[in-house]
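Student: This is what each chain is made of:
2 protein chains.
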Amino acid sequence: MSVAPEMQKVFQYIDDHREEYIELLKKFSAQPSVSAQNWGMREMAELIKDSLRKMGVPAELVETHGVPGNPIVYGELNYGKKYTATAYNHYDVQPPEPLEQWKTPPFEPTIVGDRIYGRGTSDNKGSMLSRHCAVDAYLKVYGKLPINMKFMVEGEEEIGSPSLEGFIKDNSEKVKTDCFMWEGGTRTVNGPVHVSFGVKGVTSFELRCYGANTDLHSANASIVPSPAWRLVQALATMKNDRDEITIDGYYDTIVPPSEEDMEFLKTLPFDEEATKKRLGIPAFINNLTGVELQKKNLFLPTLNIQGIQSGYTGKGGKTVLPSYAFCKMDTRTVMGQRPDKVMKQIREHLDRRGYSDIEIIPGSNTLPFRGSPDNPLFKAVVKNIPDIYSQPAAVFPSTPGSTGVGFMYELTGIPAVCFGVMNEESNAHAPNENIFLDDYICGIKLTAAVIHDLGELG
Amino acid sequence: MSVAPEMQKVFQYIDDHREEYIELLKKFSAQPSVSAQNWGMREMAELIKDSLRKMGVPAELVETHGVPGNPIVYGELNYGKKYTATAYNHYDVQPPEPLEQWKTPPFEPTIVGDRIYGRGTSDNKGSMLSRHCAVDAYLKVYGKLPINMKFMVEGEEEIGSPSLEGFIKDNSEKVKTDCFMWEGGTRTVNGPVHVSFGVKGVTSFELRCYGANTDLHSANASIVPSPAWRLVQALATMKNDRDEITIDGYYDTIVPPSEEDMEFLKTLPFDEEATKKRLGIPAFINNLTGVELQKKNLFLPTLNIQGIQSGYTGKGGKTVLPSYAFCKMDTRTVMGQRPDKVMKQIREHLDRRGYSDIEIIPGSNTLPFRGSPDNPLFKAVVKNIPDIYSQPAAVFPSTPGSTGVGFMYELTGIPAVCFGVMNEESNAHAPNENIFLDDYICGIKLTAAVIHDLGELG
Chain E
3 MSVAPEMQKV FQYIDDHREE YIELLKKFSA QPSVSAQNWG MREMAELIKD
53 SLRKMGVPAE LVETHGVPGN PIVYGELNYG KKYTATAYNH YDVQPPEPLE
103 QWKTPPFEPT IVGDRIYGRG TSDNKGSMLS RHCAVDAYLK VYGKLPINMK
153 FMVEGEEEIG SPSLEGFIKD NSEKVKTDCF MWEGGTRTVN GPVHVSFGVK
203 GVTSFELRCY GANTDLHSAN ASIVPSPAWR LVQALATMKN DRDEITIDGY
253 YDTIVPPSEE DMEFLKTLPF DEEATKKRLG IPAFINNLTG VELQKKNLFL
303 PTLNIQGIQS GYTGKGGKTV LPSYAFCKMD TRTVMGQRPD KVMKQIREHL
353 DRRGYSDIEI IPGSNTLPFR GSPDNPLFKA VVKNIPDIYS QPAAVFPSTP
403 GSTGVGFMYE LTGIPAVCFG VMNEESNAHA PNENIFLDDY ICGIKLTAAV
453 IHDLGELG
Chain S
3 MSVAPEMQKV FQYIDDHREE YIELLKKFSA QPSVSAQNWG MREMAELIKD
53 SLRKMGVPAE LVETHGVPGN PIVYGELNYG KKYTATAYNH YDVQPPEPLE
103 QWKTPPFEPT IVGDRIYGRG TSDNKGSMLS RHCAVDAYLK VYGKLPINMK
153 FMVEGEEEIG SPSLEGFIKD NSEKVKTDCF MWEGGTRTVN GPVHVSFGVK
203 GVTSFELRCY GANTDLHSAN ASIVPSPAWR LVQALATMKN DRDEITIDGY
253 YDTIVPPSEE DMEFLKTLPF DEEATKKRLG IPAFINNLTG VELQKKNLFL
303 PTLNIQGIQS GYTGKGGKTV LPSYAFCKMD TRTVMGQRPD KVMKQIREHL
353 DRRGYSDIEI IPGSNTLPFR GSPDNPLFKA VVKNIPDIYS QPAAVFPSTP
403 GSTGVGFMYE LTGIPAVCFG VMNEESNAHA PNENIFLDDY ICGIKLTAAV
453 IHDLGELG
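Residue numbers (this note's numbering), protein chains in the order written: chain E, 3 to 460; chain S, 3 to 460.
If you are wondering where the hints come from, they were derived from the structure by calculation, not from laboratory data. C-beta atoms are modelled at their ideal positions from N, C-alpha and C, and glycine is treated no differently. Among the hints, erroneous ones may be present.
Unchecked claim - Rough simulated footprint, nothing fancy, chain S against chain E, three-plus residues with beta-carbon under 8 Å:
id	region
1	34–48
2	200–208
3	323–333
4	341–352
5	401–413
As the list claims (entries may be wrong) - Dumping the calculated DSSO-like pairs for lysine-lysine here, alpha-carbon to alpha-carbon at most 30 Å:
id	chain 1	residue 1	chain 2	residue 2
6	S	K343	E	K317
7	E	K83	E	K146
8	E	K105	S	K320
9	S	K320	E	K279
10	E	K385	E	K105
11	E	K297	E	K385
12	E	K298	S	K343
13	S	K279	E	K320
14	E	K297	S	K343
15	E	K320	S	K381
16	E	K268	E	K279
17	S	K105	S	K298
18	E	K320	S	K385
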């Protein structure tokens, strides 16, 4: 259970070229590629294509047909009948706003102490380059990889991957693989690297409730129906004060964790006291702790109020009876739940209780996914982490959050393992995004060692 | 049951001086007197004092000691041991904003068709002048009134009458009276004049609920408490879906309507179908109609959500777990309920259900009041309306709304009767405030006839 001896040369190469790989991360992070603002997308794709080619990977841009239809960078190293891994990444980043909260300019990557700051460093140009540079180092040392590798870098992940389904349908040969190396892992600062082989899905929607055709003086509240109260009362039928979702049948189809999944929960790096202190809360929901807390966190769905609004919410008071109320919600789903089924359950639940007038506006979806700890890629990642990071991995059979991995599994049936170079202070999607330089270098080494071990599968 | 024959001369005088009285209303309405903006207050008070004096009423400004401490215009016609009525009014008006929605300038009173438009015409310079001009006409015709009259015009009604309590304490002799002629009546357009001898009170407050010390990614919703859900669930314990307030003991102390009160409900001018159509609602609460609808409207408390807000309420969605939720509320109270008691009931109700963490921020209060139909002033008003308006009065034993009359009753123990010159399209507190000129003239006649009849009491 340690790094293969053949990796010493590769690790040495990586250490010797540390500055070169950091420069490459700087170069990539300096190129804006904000999909939501259609800013620098093709330039970024070209940069990656050229970089892969320079490393010896035949790469091309594959045009897509969604909106906006940013190209996907695709590359492949094919050595015949061998295990194939695909590095899935994305080259688009979140908008840098609010600009005034950045301590260094978002697109001028800056090293401060042991971290590099800049938009995209963590999500996910750092993780992407950890795959690419690992291949580069391996090729430089051994001339070829022990497995087939594919590279897929999309440009629309931050806006919901609208072109991904079309790409997969049109390029079934390119998509074919044994497993995806997925982004989305993280690390506890000064603690273990997180590896996961599952995610929750998320289904977003909005409830809307209407009363009179205009706001009225609140003297009318005796006789004119209140949409604010009606929404509150409808919501109260959907979850009880023990945080149990009371939508009819909501838990009926969910796949419970296996015994093996539950075993992993015992070793998760989660400092309950520190977390409560940091968040300023006296207790977690239902005073849960330990394995029960993590079981709820990873294996039970949520029903979250993102926001709710009705009527007058300014300074002081206003004696008004509101004419409209809405509630933006998301539900984090687990294996066995599907967005269409969930939306149908909510509609029927409300109808059955006489709330047919409450409109449900569907929003975006991602799907839940749960893989297996027997997955060779997962095993290789977990095996190599202790030597490289000087401490064992924290294994998450699922994560409380959601990524596109469930959607990919839905479309291809191919599992994924999530690991990367970011950490819990990386500020992904926020100002002052950053990663530790050492985590970046370790990520390159980890990927290289994983590639090597997967070669043993023949 | 008709206007006394002695009134013919007075009515003739009023008709002959119609233009003069309308000019006076124009003059008063042209003088801005916005208490919230401290705009023109003393100028307005002086104008009223001078006008009363010109009419033959000894009047003065009584300084007050609240904040802002606008003077109260006080006048008195004392003929010895007789029935005394006090015309209570206010000279301040609501701010004219939003200015762009006015079709004529708010402080340039303008006659369009049979109405006069301008800020204050309805609330309540028209009603105030209907009292003053009635006295003027009566004095011009008969030289003296058959009763004692007092005149009290405050300048802070629109900002909650902060100086009124002090004034009453410091001026017990001036305040002493048999009954207040209160503002606040209205009229159904082309329909009956409304007269009321009761009002609901209103107690405003805000509920605040806190979660983590910052908004979090909604992936945390499995284990970190949600203040939005907590507030929703707390609210759901306070009212059920049949609009019954379920706060412990909330209905226990309320004074039910008398049989006489209930009789009045049968004659109220309320076109249910037209109202539903106008508001765009399929039914009133609980499908109520007729007397049951009016009973709830006038004699049961409300618990209204003025506004509720938590988390993200902008465009689209945002996967956020909010850290804070609040709800602005008002409860319209009825006889037997008191603001302090009501606030205590809500606090105890929440505490008993484990919601001690939910903060209650108290707001403003007015008190409920219910008088008696045996009140001589009330009887005189109702008696004289049919001849003057060509249709009988609509009698409201209580109103769904709230005014300062309950507070005055609390402080003095003196009842009030509410009638005035505005109508249901008067846009009080809104742009294009207006009254019908004929309603103004009829209001002057009605007050004069009432003064005459009260004189019969000796």
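Student: Now tell me, hint by hint, if it's right for this structure.
Tutor: Comparing the hints with the structure gives:
1. 34–48: Since three or more residues must qualify, the claim that chain S covers the region 34–48 of chain E is violated, with 0 doing so at under 8 Å.
2. 200–208: holds (count 4)
3. 323–333: holds (count 6)
4. 341–352: violated (count 0)
5. 401–413: Since 4 is at least three, the answer is holds.
6. S:K343 to E:K317: Distance ~25 Å between K343 of chain S and K317 of chain E Cα, so the pair holds.
7. E:K83 to E:K146: 14 Å, holds
8. E:K105 to S:K320: Holds, because 25 Å separates the two Cα atoms, which is no more than 30 Å.
9. S:K320 to E:K279: With a Cα-Cα distance of about 25 Å, the restraint between K320 of chain S and K279 of chain E holds, given a limit of 30 Å.
10. E:K385 to E:K105: 38 Å, violated
11. E:K297 to E:K385: 24 Å, holds
12. E:K298 to S:K343: It is violated: about 42 Å lies between the C-alpha atoms, which goes past 30 Å.
13. S:K279 to E:K320: Holds. K279 of chain S to K320 of chain E sits at ~25 Å (cutoff 30 Å).
14. E:K297 to S:K343: Violated, at about 45 Å.
15. E:K320 to S:K381: 35 Å, violated
16. E:K268 to E:K279: 22 Å, holds
17. S:K105 to S:K298: 37 Å, violated
18. E:K320 to S:K385: The hint is violated at about 37 Å.
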